[in-house]
Structures are given as structure tokens and as C-alpha cells.
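Q: Each chain, letter by letter, is given below.
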Amino acid sequence: MITDTIVKEFPEIGEIKIGILNIFIQHTSAALTINENADPTVRKDFETFINDLIPESYSKFIHNYEGPDDMPAHLKSSFFGSSVQIPISQGKLMLGTWQGVYLCEFRNFGGPRKLVLTAMGSS
Amino acid sequence: MITDTIVKEFPEIGEIKIGILNIFIQHTSAALTINENADPTVRKDFETFINDLIPESYSKFIHNYEGPDDMPAHLKSSFFGSSVQIPISQGKLMLGTWQGVYLCEFRNFGGPRKLVLTAMGSS
Amino acid sequence: MITDTIVKEFPEIGEIKIGILNIFIQHTSAALTINENADPTVRKDFETFINDLIPESYSKFIHNYEGPDDMPAHLKSSFFGSSVQIPISQGKLMLGTWQGVYLCEFRNFGGPRKLVLTAMGSS
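Chains as they are written, first to last, in the numbering used here: chain A, 1 to 123; chain B, 1 to 123; chain C, 1 to 123.
Hint data in this document are derived by calculation from the structure and do not stem from the laboratory.
This one's a predicted model, so the numbers in the text were calculated from it and none came from an experiment.
Careful, some of the hints might be misleading.
Repeated chains share a single entry, so a pair holds when one copy, or any two copies, can fit it.
[Unchecked claim] Taking lysine-lysine pairs in the DSS-like style, the calculated list, with each CA pair at most 30 Å apart, reads:
1. Lys92 x Lys44
2. Lys8 x Lys44
3. Lys92 x Lys17
4. Lys92 x Lys114
5. Lys8 x Lys114
6. Lys114 x Lys44
Throw the hints in and build the complete structure from the sequences for me.
A: Listed below in C-alpha cells is the structure:
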């Protein structure tokens, strides 16, 4: 969950009266999505389910020289997506009560991940 | 299908010469997507297929105190996404002939859903 | 992979100092996604996996008068999405080293596909 980090590290959100925050991840084996921000079991269930749906053991993958977790990570990345867009009003993110931003790491040993944040609108 | 409602309730679209409409749903058990707007059997097949893919009967979910339809709804929400972006040209949405905006309700008894619409561009 | 075509055909990207490029596909049986741009086996594995996940042989589809590949194409389209957003900085797309834009054709005999490109930001 990276919502708090984003708000803290990107004070430019506070200067926008009406607009959009775009968050983009510069990687193909991780993703961004918006989901339930309160109960950590939701994130646990996400991981369990997606690992069953797109398993490392799927026998037809031919792109496997970076390890069995690589190709599943690419697929999961496109299932969830590389960016999220969040409306801004009066300097605040217009997330619903239960919404938070997930950074989904799909590699078993992922390194640091780079995000690009862009806020647009009228100030 | 909510395309007509959006166009009717958000006349600001008509003031944009070139730009983007962002539609955002403030919930984690419903989603927005763009798909076939003509034949209602497409929406029926969406529901049948996604319920088979992410079934309430999946035995490993631990987040289940809100009922068996809750965790599947969270997952479906992230599969389809919380927002759609549609180009605007000369005050009109640039949807393709067969495209419409779906509001996907994933709870068995969902309540009212709130959307945030943001139109940006040059007027 | 359409990254190079986009950059070449849409020189307006070069005029944006900070902003966002939105790419939108006006079809419901094709999609856009961002993924690994180097090794073509990734794209091959995408196709193999998604065809197994959403098979033409799924027996419950009722929307099938356009052929057995039509309804799977609609579903795949919403799984991957109709648009991508890419940050622009100093006239260049801020894609990660391994990221490229995929145009995913899901029909067996798809025709030409129309994209709408919109660049917004400060110049």
C-alpha cells in the first residue's frame, strides 16, 4: 500500500484544485492497482489467487531464462496495469473510503521500483 | 451501460475541444470498463465467464467475513480497473462505433455507486 | 509493438515538457498494454496463456454469431484495457528500459485498428 507515501512525497497534489494524478510504474514485472486499503487479508488473497491463476508451473512458457517467476510476472503486470489515475479535488485525492493504491511486486526477488507521478489540472 | 447517462449528466464534455474524460469509481468491489455496447448477451457472457474464473467457491480466500462474494468482487475490480479514459474531440467522446462504458457491479447486493468525472483539455 | 510508430507518427509528444500521452483504441476486440519490449517470446507466451485462460471452446458463451473467437476477444479486451497512459518529460516518453506498447489483436482475422492519441501537459 503506497497511498500515504505518495501523498507525502508529492506535495504538488495539494496545489491542484481540480485535476488528475497519474501514477506510472516503469517496470514490466510489477503493477499498480487500486483496492481495499484496510484489511491485509485482501492483499494476501490477491497473491494466493493470482499465483494459482497464472502459475509458475504453467508448462507452455518459452520465455523462462530469467527464472520461472518471470513470465508469470509479465502477465500479471498487464492484467493489473502499469498506471492508475486518481481524481484530485481541492488539493486532495478523491479516493473512496476503502480505496488505496497497491504496488504489486510479482518477482520473487524484485529490486527497487521506480514510479513517475504526474499531476495535471487547474491550480 | 452508462455511456448515455454520463454524456447527459456531464455537459462539460461539450466544452472541450481536445482532451480526455476520466471516469473513476470510488469503490473496491465494482469496476469500469469499455466494451461492446449493442448486444446484451456480451454483458451476460462477461458475468458468466468472470464468475467461473473467480468463483465464490475458491476455497483459499481468508477475507470472507463480508460474505463469499466480497473477495471475488475485490479481485474482479482490479482485473477490470477503477477508471477509464476516453478522448474528447469537438465536444464529443471519441468512442468507437461499438464501444460503451460498463459499470460492473460485482457484489450480489451492491448499494449505490459513486463516480468522479473529470474532463481536461483545451476549450 | 507499436512504440516506435507512435513516436514517429505523433511528433506533438516532442512539444510537451511535462505531461501525459493517452493512447486509446476504438475497438472492443483488441486492446493496448505495456509490457516487455525486447524478447518476442514474451508476446508468444502472452498469446498462448490468454488463449488457454479464455478459450474459444468455453461452452457457456451465448454471444457467438460472429464466430467462436469473438466473445473471447471481448473479454480479453477488458482484461488488458482500451487505453494506456505514459508520462512525458522534456518531449520524451518516460517508459522504463524494458517497456513497450503492445497493440493486442484478439480476433483471428482482425481488420485495421484505429487509435486516438492525446498528449496533454505544459509546453
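Q: Would you mind marking each hint as holding or not holding in the structure?
A: Evaluated hints:
no. : hint           : verdict
1   : Lys92 x Lys44  : within (28 Å within a copy, 37 Å between copies)
2   : Lys8 x Lys44   : within (26 Å within a copy, 41 Å between copies)
3   : Lys92 x Lys17  : both (8 Å within a copy, 24 Å between copies)
4   : Lys92 x Lys114 : both (23 Å within a copy, 17 Å between copies)
5   : Lys8 x Lys114  : both (16 Å within a copy, 26 Å between copies)
6   : Lys114 x Lys44 : both (23 Å within a copy, 27 Å between copies)
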